[in-house]
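Listed below, chain by chain, are the residues.
Number of protein chains: 4
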Amino acid sequence: MAYHLLKGKKGIIFGALNEQSIAWHIAVKAHEEGAKLVLTNTPVAIRMGTIQHLGGICGAEVIPSDATSHEDLENLMKRSMEIFEGKIDFMLHSIGMSPNVRKGLPYDALNYDFFLKTLDISALSFHKMLLTARKLDAISEWGSVVALSYVAAQRTLDRYNDMGDAKALLESIARSFGYIYGKDKKIRINTVSQSPTMTTAGAGVKGIDTLIDFTERMSPLGNASAEDCANYVITLFSDLTRKVTMQNLYHDGGFSSMGMSERAMSQYDKSFKDYS
Amino acid sequence: MAYHLLKGKKGIIFGALNEQSIAWHIAVKAHEEGAKLVLTNTPVAIRMGTIQHLGGICGAEVIPSDATSHEDLENLMKRSMEIFEGKIDFMLHSIGMSPNVRKGLPYDALNYDFFLKTLDISALSFHKMLLTARKLDAISEWGSVVALSYVAAQRTLDRYNDMGDAKALLESIARSFGYIYGKDKKIRINTVSQSPTMTTAGAGVKGIDTLIDFTERMSPLGNASAEDCANYVITLFSDLTRKVTMQNLYHDGGFSSMGMSERAMSQYDKSFKDYS
Amino acid sequence: MAYHLLKGKKGIIFGALNEQSIAWHIAVKAHEEGAKLVLTNTPVAIRMGTIQHLGGICGAEVIPSDATSHEDLENLMKRSMEIFEGKIDFMLHSIGMSPNVRKGLPYDALNYDFFLKTLDISALSFHKMLLTARKLDAISEWGSVVALSYVAAQRTLDRYNDMGDAKALLESIARSFGYIYGKDKKIRINTVSQSPTMTTAGAGVKGIDTLIDFTERMSPLGNASAEDCANYVITLFSDLTRKVTMQNLYHDGGFSSMGMSERAMSQYDKSFKDYS
Amino acid sequence: MAYHLLKGKKGIIFGALNEQSIAWHIAVKAHEEGAKLVLTNTPVAIRMGTIQHLGGICGAEVIPSDATSHEDLENLMKRSMEIFEGKIDFMLHSIGMSPNVRKGLPYDALNYDFFLKTLDISALSFHKMLLTARKLDAISEWGSVVALSYVAAQRTLDRYNDMGDAKALLESIARSFGYIYGKDKKIRINTVSQSPTMTTAGAGVKGIDTLIDFTERMSPLGNASAEDCANYVITLFSDLTRKVTMQNLYHDGGFSSMGMSERAMSQYDKSFKDYS
Numbered sequence: 042m043a044y045h046l047l048k049g050k051k052g053i054i055f056g057a058l059n060e061q062s063i064a065w066h067i068a069v070k071a072h073e074e075g076a077k078l079v080l081t082n083t084p085v086a087i088r089m090g091t092i093q094h095l096g097g098i099c100g101a102e103v104i105p106s107d108a109t110s111h112e113d114l115e116n117l118m119k120r121s122m123e124i125f126e127g128k129i130d131f132m133l134h135s136i137g138m139s140p141n142v143r144k145g146l147p148y149d150a151l152n153y154d155f156f157l158k159t160l161d162i163s164a165l166s167f168h169k170m171l172l173t174a175r176k177l178d179a180i181s182e183w184g185s186v187v188a189l190s191y192v193a194a195q196r197t198l199d200r201y202n203d204m205g206d207a208k209a210l211l212e213s214i215a216r217s218f219g220y221i222y223g224k225d226k227k228i229r230i231n232t233v234s235q236s237p238t239m240t241t242a243g244a245g246v247k248g249i250d251t252l253i254d255f256t257e258r259m260s261p262l263g264n265a266s267a268e269d270c271a272n273y274v275i276t277l278f279s280d281l282t283r284k285v286t287m288q289n290l291y292h293d294g295g296f297s298s299m300g301m302s303e304r305a306m307s308q309y310d311k312s313f314k315d316y317s
Numbered sequence: 042m043a044y045h046l047l048k049g050k051k052g053i054i055f056g057a058l059n060e061q062s063i064a065w066h067i068a069v070k071a072h073e074e075g076a077k078l079v080l081t082n083t084p085v086a087i088r089m090g091t092i093q094h095l096g097g098i099c100g101a102e103v104i105p106s107d108a109t110s111h112e113d114l115e116n117l118m119k120r121s122m123e124i125f126e127g128k129i130d131f132m133l134h135s136i137g138m139s140p141n142v143r144k145g146l147p148y149d150a151l152n153y154d155f156f157l158k159t160l161d162i163s164a165l166s167f168h169k170m171l172l173t174a175r176k177l178d179a180i181s182e183w184g185s186v187v188a189l190s191y192v193a194a195q196r197t198l199d200r201y202n203d204m205g206d207a208k209a210l211l212e213s214i215a216r217s218f219g220y221i222y223g224k225d226k227k228i229r230i231n232t233v234s235q236s237p238t239m240t241t242a243g244a245g246v247k248g249i250d251t252l253i254d255f256t257e258r259m260s261p262l263g264n265a266s267a268e269d270c271a272n273y274v275i276t277l278f279s280d281l282t283r284k285v286t287m288q289n290l291y292h293d294g295g296f297s298s299m300g301m302s303e304r305a306m307s308q309y310d311k312s313f314k315d316y317s
Numbered sequence: 042m043a044y045h046l047l048k049g050k051k052g053i054i055f056g057a058l059n060e061q062s063i064a065w066h067i068a069v070k071a072h073e074e075g076a077k078l079v080l081t082n083t084p085v086a087i088r089m090g091t092i093q094h095l096g097g098i099c100g101a102e103v104i105p106s107d108a109t110s111h112e113d114l115e116n117l118m119k120r121s122m123e124i125f126e127g128k129i130d131f132m133l134h135s136i137g138m139s140p141n142v143r144k145g146l147p148y149d150a151l152n153y154d155f156f157l158k159t160l161d162i163s164a165l166s167f168h169k170m171l172l173t174a175r176k177l178d179a180i181s182e183w184g185s186v187v188a189l190s191y192v193a194a195q196r197t198l199d200r201y202n203d204m205g206d207a208k209a210l211l212e213s214i215a216r217s218f219g220y221i222y223g224k225d226k227k228i229r230i231n232t233v234s235q236s237p238t239m240t241t242a243g244a245g246v247k248g249i250d251t252l253i254d255f256t257e258r259m260s261p262l263g264n265a266s267a268e269d270c271a272n273y274v275i276t277l278f279s280d281l282t283r284k285v286t287m288q289n290l291y292h293d294g295g296f297s298s299m300g301m302s303e304r305a306m307s308q309y310d311k312s313f314k315d316y317s
Numbered sequence: 042m043a044y045h046l047l048k049g050k051k052g053i054i055f056g057a058l059n060e061q062s063i064a065w066h067i068a069v070k071a072h073e074e075g076a077k078l079v080l081t082n083t084p085v086a087i088r089m090g091t092i093q094h095l096g097g098i099c100g101a102e103v104i105p106s107d108a109t110s111h112e113d114l115e116n117l118m119k120r121s122m123e124i125f126e127g128k129i130d131f132m133l134h135s136i137g138m139s140p141n142v143r144k145g146l147p148y149d150a151l152n153y154d155f156f157l158k159t160l161d162i163s164a165l166s167f168h169k170m171l172l173t174a175r176k177l178d179a180i181s182e183w184g185s186v187v188a189l190s191y192v193a194a195q196r197t198l199d200r201y202n203d204m205g206d207a208k209a210l211l212e213s214i215a216r217s218f219g220y221i222y223g224k225d226k227k228i229r230i231n232t233v234s235q236s237p238t239m240t241t242a243g244a245g246v247k248g249i250d251t252l253i254d255f256t257e258r259m260s261p262l263g264n265a266s267a268e269d270c271a272n273y274v275i276t277l278f279s280d281l282t283r284k285v286t287m288q289n290l291y292h293d294g295g296f297s298s299m300g301m302s303e304r305a306m307s308q309y310d311k312s313f314k315d316y317s
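Protein chains in written order, with my numbering: chain A, 42 to 317; chain Z, 42 to 317; chain X, 42 to 317; chain H, 42 to 317.
If you're looking for bench data, these hints aren't it; they were derived computationally from the structure. Do not rely on the hints blindly, as some may be mistaken.
Identical copies look the same in the list; a pair holds intra-copy or inter-copy alike.
Below, a list of computed lysine-lysine pairs in the DSSO-like style, where the Cα atoms sit at most 30 Å apart [said to hold, decoys possible]:
hint, residue 1, residue 2
1, K314, K247
2, K176, K128
3, K158, K314
4, K247, K226
Can you build the whole structure from these sequences, using the hints too?
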């Protein structure tokens with residue numbers, strides 16, 4: 042069922058790879074709600090994934106762009122404004138990658154070139170995207186920008202490594218730029234802190250199955266799925282949430298406000314059972 | 042413009058007094074978005090205010106009910122389910138009052154019977170509303186309940202007195218009951234922390250003009266109005282935000298994430314000017 | 042080993058019952074650090090516990106006082122100032138009780154007279170203690186007041202019931218009164234959010250063993266003990282922390298900043314093992 | 042007056058420049074409390090400042106070291122352990138610098154090489170310091186590490202630019218490494234979020250006078266001075282705070298918990314006066 046919440050709006054979606062991607066679901070939903078879209082990802086991700094197929098579903102052009110490159114971002118936004126015949130109303134940032142995680146380097150023996158790369162890809166890319174938009178005056182007044190984050194920004198998770206730090210930096214950039222872009226152009230900038238989700242990226246984290254089981258039992262409403270996230274992000278792109286800015290918004294079935302649930306505790310309790 | 046976001050949904054709105062009320066604007070907007078409503082307030086408030094007029098606008102019955110009374114709440118919810126011919130999908134709690142503030146008793150000389158009354162009216166009423174609904178199994182699965190709060194729950198404001206404590210308690214009750222009602226019935230419960238608003242209640246707080254000027258200059262998007270708040274709360278009642286629960290959601294133009302803005306600082310700076 | 046951190050200081054300790062009590066350990070430590078003390082608890086608690094023995098250890102008088110009674114509090118503080126021949130430098134509030142928990146009434150079927158009693162005993166008693174002190178001008182400039190809290194104020198724990206709400210209210214009162222008493226008399230007021238501790242009160246909470254095991258494995262430094270807490274609170278009473286106020290300070294081995302630890306996750310993992 | 046709180050302890054102090062530096066005051070106080078120290082800063086800072094004079098006061102060797110260089114850090118810690126004839130008990134990180142701020146580049150037109158440099162100097166240096174210590178097993182069990190931070194990590198301040206982001210990253214690194222180093226070696230890691238302070242670095246921020254006036258009036262206990270900060274940090278280095286870790290601790294006279302004070306509001310009010 043569609044409400045036409047984004048009727049007449051135009052947006053750029055960064056970071057869809059394949060059907061597992063949260064960005065994929067957000068694109069589909071935004072399209073259903075009436076938005077005109079441009080999709081983007083790195084050339085490598087476009088080759089490896091199925092984003093062209095998504096472009097078909099959404100009637101959207103796919104423009105390759107490395108979000109750490111000014112040149113690419115400038116080209117992307119200029120092209121988008123030509124396609125849209127006007128300014129951009131919303132943008133989604135769903136980008137994160139840690140070479141340290143990929144190479145299995147533990148947090149107390151990480152490589153600093155990799156660390157800076159993690160920060161550049163996962164956090165500074167958001168700043169670059171906003172700076173480029175600001176420079177080109179590419180976003181309409183009362184436009185909305187969302188980046189996807191994770192509770193690791195506030196609470197340390199074993200093995201999440203330097204991605205927790207990258208998410209903390211991402212959320213800080215959302216606040217800092219939210220101030221600047223808000224006072225000047227009424228653009229709002231928020232992060233959505235999503236439940237752990239079994240995307241292609243998520244699947245690579247060791248032990249994610251157990252973590253997802255735990256958060257599912259801890260959260261009174263269960264984990265939020267990629268589809269749930271798409272629904273939520275649509276409201277943040279719509280005109281109904283114009284005064285929400287500089288916030289980190291938990292979309293996690295209640296996990297972030299839980300200390301201990303009955304379901305998680307009774308599962309944990311079983312670990313002490315003696316079956317001999 | 043309406044999106045029919047609440048088409049087919051039924052809800053109870055607590056706390057509209059007159060056109061200045063945030064609850065008033067939420068009722069109007071919910072009606073426009075397709076909801077069927079019941080309005081309620083205390084008998085005194087109904088006499089003093091213009092809620093019957095709101096009932097006319099929204100095609101809604103007005104049922105008097107003191108939100109601190111179980112009997113009243115039970116009657117209200119039973120009657121509402123008769124009117125709705127089914128369960129309730131959403132509820133708004135917009136209730137707060139401090140006899141200590143009214144009588145001008147300062148925080149370090151307050152009256153404890155009044156303090157308990159502040160807590161009972163402004164916070165326990167929310168628990169009572171939820172407990173009554175739970176007992177009657179009155180809310181549909183995936184229903185949504187919202188209470189209005191204020192940043193005084195986290196940060197002390199001169200003269201706000203025991204209302205800050207009441208809001209902290211209110212937000213805690215939202216979390217505690219959100220866990221219980223979430224795991225059992227998939228009901229979500231959140232608070233919205235709204236900019237200071239010039240309602241009839243707000244207008245009674247001494248120095249609110251200066252405070253509103255300050256928060257306006259501090260917030261990159263300016264203060265959120267009652268109409269803005271109505272738009273936002275509609276998204277929380279809709280099916281698009283099903284996995285958001287146990288949260289306190291700032292709706293304040295960015296105020297809560299600001300340390301110091303240029304506009305507020307340059308106004309403050311003027312206070313030191315010598316005009317002699 | 043003693044540092045004489047509280048040499049010449051005088052303080053009142055509320056809430057020691059027996060050797061398991063955190064307040065007991067704080068009293069012992071404060072005495073060792075050179076403070077002169079008055080101990081207090083309700084007449085019932087004094088009879089049931091062994092606080093007179095603590096009085097012997099600390100060379101402290103035990104004055105019965107119900108912290109919900111103004112009269113008792115006024116008498117207590119006047120007597121203490123006589124004993125001290127001067128003002129009070131620090132106070133500890135370690136008081137909490139929920140009739141709903143005791144009677145096993147679940148959160149969605151609690152008794153509201155009990156709820157108000159929980160709030161009165163566990164939170165308003167702190168306000169009353171401060172108001173009485175303020176009225177009598179009983180605390181020296183740069184004095185320090187600490188109340189013990191728990192993470193349930195921020196995150197819901199199954200079965201912790203209305204005590205979570207009471208702790209949220211307690212922490213709010215610390216902020217609100219911290220503002221008033223700070224600007225007028227330079228008194229600082231903080232709460233310490235302590236690990237779950239196996240006190241007589243704690244032992245009554247069903248499932249506390251499993252919870253303590255979980256938090257022990259989640260916290261990189263393990264749970265904080267009552268002795269650890271005593272050490273920490275001493276620093277907050279000392280002259281070295283004069284500018285810390287209106288804060289909730291986690292003393293929990295890191296638990297509050299953890300999302301998931303390796304130790305807790307591998308224990309949880311065992312619960313899925315099939316031993317057949 | 043000294044308590045010998047750090048008797049027999051050995052520590053490294055990073056970042057003292059001159060008498061205005063917070064690190065300077067911490068070094069002096071740590072020395073008075075019985076610690077043996079090594080002081081360090083970059084070669085340039087050592088030439089420009091008066092740290093050799095501080096070395097004289099504290100009987101401490103000054104070892105030049107660039108905290109962004111592994112080689113320097115390794116040399117520093119090895120030399121320190123030789124001087125100490127044993128492991129290190131505590132370390133202070135008081136390092137921050139933004140080339141973007143220095144060059145006056147605004148946040149929406151900053152230079153990304155500079156941004157990465159801000160992060161490297163102000164945040165990654167903390168990680169490098171900890172990683173080097175971990176690799177050399179240089180810190181004793183139950184050792185304590187503190188980094189100085191600022192509320193800009195949570196709330197945006199005009200003109201504070203990318204330093205707010207750097208502080209957010211610094212605090213995240215403290216949590217992430219606090220987990221790793223805590224579970225393995227019982228080392229605790231915290232940040233202290235200090236009032237704005239008129240150090241040589243602070244003096245360079247435009248408009249800091251007005252900001253300091255505002256925070257002074259907002260904070261019930263007034264701003265915390267560098268001397269106050271030294272007292273507080275000593276408690277965090279001592280054995281009395283062993284179970285506090287992964288925390289950001291506000292040391293700000295109450296500022297972080299204030300919404301609006303009477304003093305600040307009445308000053309603000311004056312800005313609207315007409316003196317014509």
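Hints versus structure:
For the homomeric pair K314 and K247, the shortest alpha-carbon distances inside one copy (26 Å) and between copies (18 Å) are both at most 30 Å. For the identical chains of this complex, K176 and K128 are intra-copy neighbours only, at 13 Å inside a copy versus 51 Å across copies, given an alpha-carbon limit of 30 Å. Neither within a single protomer nor between protomers do K158 and K314 lie at most 30 Å apart by alpha-carbon distance, with minima of 45 Å and 39 Å respectively. Within a single copy, K247 and K226 get their C-alpha atoms only as close as 42 Å, which misses the 30 Å cut-off; across copies the closest is 24 Å, which meets it.
Of the hints listed earlier, the one the structure fails to meet is number 3.
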